[in-house]
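Trainee: Residue numbers (this note's numbering), protein chains in the order written: chain A, 1 to 237; chain B, 1 to 401.
These are calculated hints, taken from the structure and not from any lab test. Glycine residues also receive a C-beta, built at the ideal position from the N, C-alpha and C atoms.
Here are the simulated distance ranges between beta carbons:
no., chain 1, residue 1, chain 2, residue 2, range
1, A, Arg100, B, Leu376, 25 to 35 Å
2, B, Leu376, A, Leu79, 26 to 36 Å
3, B, Met364, A, Gly133, 53 to 63 Å
4, A, Gln127, B, Leu376, 43 to 53 Å
5, B, Leu380, A, Lys208, 55 to 65 Å
6, B, Lys387, A, Arg100, 22 to 32 Å
7, A, Ala118, B, Leu376, 23 to 33 Å
8, B, Met364, A, Ala118, 33 to 43 Å
9, B, Met273, A, Arg59, 55 to 65 Å
10, A, Gly133, B, Gln4, 27 to 37 Å
Sample of chain B residues facing chain A (criterion: CB under 10 Å; computed from the structure):
no., residue
11, Thr8
12, Ile314
13, Val395
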Amino acid sequence: MQNLIDIKQLNKSYLVGEQPLQVLSQIDLAIAQGEYISIMGPSGSGKSTLLNMIGLLDRPDDGSYQLSNQQTTKLDEELRAELRRQHIGFIFQNFHLIDRLTAIENVELPLMLSGVSAQSRREKAMQLFTRLGIASRADHLPKQLSGGQMQRVAIARAMIMQPQILLADEPTGNLDQKSGLEVIDLLEELNTQGITLIVVTHDKNLGKRAHRHLKMIDGKIIKDLPNNQATTGETNA
Amino acid sequence: MRSQDTWTFGWQSLSRYKLRTLLLLIAISIGVTSVLILTSFGEGARLFIKQEFSNLGNEMMIILPGKKETTGGSIPIYGTSARDLTINDAIALEQISSIEKVAPIIAGNSLISYQGKSREVITLGSSTDIFSVRNLNVAQGRIFKYSAKDNSTAVCVIGATIKKELFGNNQAVGEWVRFSGQKFRVIGVLEERGESLGLDMREMVIIPLKTAESLFNSPALFRILLQLNKTGSEQYTEQKIIELIKRRHDGEDDVTIISQNSLMSSLNNILTMVTASIAAIAAISLIVAGFLIMNVTYISVAKRKQEIGILKAIGASAHQVQVIFLSEALILVTIGVFIGIAFAYAFIHVVGLLWPQFPIAIPMWATLASSTLAFLIGLLFAWLPAKSAAKLDPVLALRGQ
Chain A
1 MQNLIDIKQL NKSYLVGEQP LQVLSQIDLA IAQGEYISIM GPSGSGKSTL LNMIGLLDRP
61 DDGSYQLSNQ QTTKLDEELR AELRRQHIGF IFQNFHLIDR LTAIENVELP LMLSGVSAQS
121 RREKAMQLFT RLGIASRADH LPKQLSGGQM QRVAIARAMI MQPQILLADE PTGNLDQKSG
181 LEVIDLLEEL NTQGITLIVV THDKNLGKRA HRHLKMIDGK IIKDLPNNQA TTGETNA
Chain B
1 MRSQDTWTFG WQSLSRYKLR TLLLLIAISI GVTSVLILTS FGEGARLFIK QEFSNLGNEM
61 MIILPGKKET TGGSIPIYGT SARDLTINDA IALEQISSIE KVAPIIAGNS LISYQGKSRE
121 VITLGSSTDI FSVRNLNVAQ GRIFKYSAKD NSTAVCVIGA TIKKELFGNN QAVGEWVRFS
181 GQKFRVIGVL EERGESLGLD MREMVIIPLK TAESLFNSPA LFRILLQLNK TGSEQYTEQK
241 IIELIKRRHD GEDDVTIISQ NSLMSSLNNI LTMVTASIAA IAAISLIVAG FLIMNVTYIS
301 VAKRKQEIGI LKAIGASAHQ VQVIFLSEAL ILVTIGVFIG IAFAYAFIHV VGLLWPQFPI
361 AIPMWATLAS STLAFLIGLL FAWLPAKSAA KLDPVLALRG Q
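Please put together the full structure from these sequences, using the hints given.
Mentor: Set out below in structure tokens:
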């Protein structure tokens, strides 16, 4: 089976002061459709950068990244935005909702950017709100919502384009335990329905729930284990 | 992204930042208003002068003694005379078929006195035609009825100011006044009317031509006013006049002929130029508004970095981000222009009520030019910040850096 994501020999460094800092070094990673992966590691280990790389928000210095058999590293910004819109949904720790727009307007935004009519936007968003159990909050502004509700709205926004990949950067980081669990349950449910779920987290319990664990240190993937395997040994996929 | 959505999105963000939006709207509308108001004054002056010319009466021509070569430059108002223009010349002009009325004028200063009060006045000696050629009417009494040929009596029609100064509220018609010693009977008082072409008719006295000839002891004319009997005959008439004067003045056409139309069109040109330069000066305020738009859009881009990051993360292209910021500026300018135009028209309306004599008006070209300029400036100055918003790195922007 073809891999959905195929990353080879990927490097990325930033200039910090005058010193180049190697944030990602020689990353090889293959991910199939429908996987549930957690990426863990200390702060500064490059896990968020890897996530942004997968989400086409960041560009590598060199190496190759194929998304759905399409080489992305040479694409111009417009085409990358197009791919991002069609294939990828982002969920952030801070929710990143636009605070002057109501919940449903936030969710409609990706549809609006791709030119869907107002009426069918509203229908699709409402369906999703009902499915996620936040239909009654559709016309609330973000500041009128609880953290858990905001993250659900953010998930709805990520899901509205029916992407193949859902990227979550510390999705429970700003939530209490109960709403955090609810959000994770929701994400896992979406995964069982076929979406590829990649979660970056500090939370060991959360990390363990994934079917495949990546551990990163200093820009390298040092562990890549399926859930049911022993915790010893280092393999690269 | 559909254009309607772009506008809605821009509108939402403008209405969210009310103070910023309000300040920018004020800046733009002040720019537009000032252009419109200043040009409307220029335009008002132009219309005012046009109106003054039509007060002169239709199809008027003026003959001045002496020839001025018109090699460009301004129109000669006073000719330098080599040979006098005389009453007989004026009488001869009546033969030309296209001339309806001839009002030869002898002008001079004289001292008018009544019961110990006296005053220096400009005295015009002319025929009956001067009243119709210059649209003069009497408020009291009557006008005299002497043509250029007629021997006349010592009567006078006085201007409204002279009447007030010499007679106060008393009856003037029928009284005797003295002009440099000679007795004249007042037969009429002119209707009060404003200045026309620099001659204040309220401060003048009009007497019959022959009487003036003997009063000033000279048949030399100051000028001849002509009224033509139909429009479009200026050129023909001018040619005929030159032929006639040549015949009478030993082959020299030593007169200067001014037609109302040529005078008016050159004044018109001058005033249009003046109005346009005023408009250009006022347009500086629009450029200032443009810089304000640029600064505020830069600040807005900086403040909304996260939003830009979010938009990019959910699939907005750089182009879309740029369009979003540009359309915000465009909405702002549109509203600003409309407010500006409304303000200006309201102002002009009030001025029109307070000062009805002055025909103040906003020329259509000023409205079009100032709104076009506002749009151009708005887009131009929003372009750079919008471009920088589009270029933001989404990862950094999401962190608000």
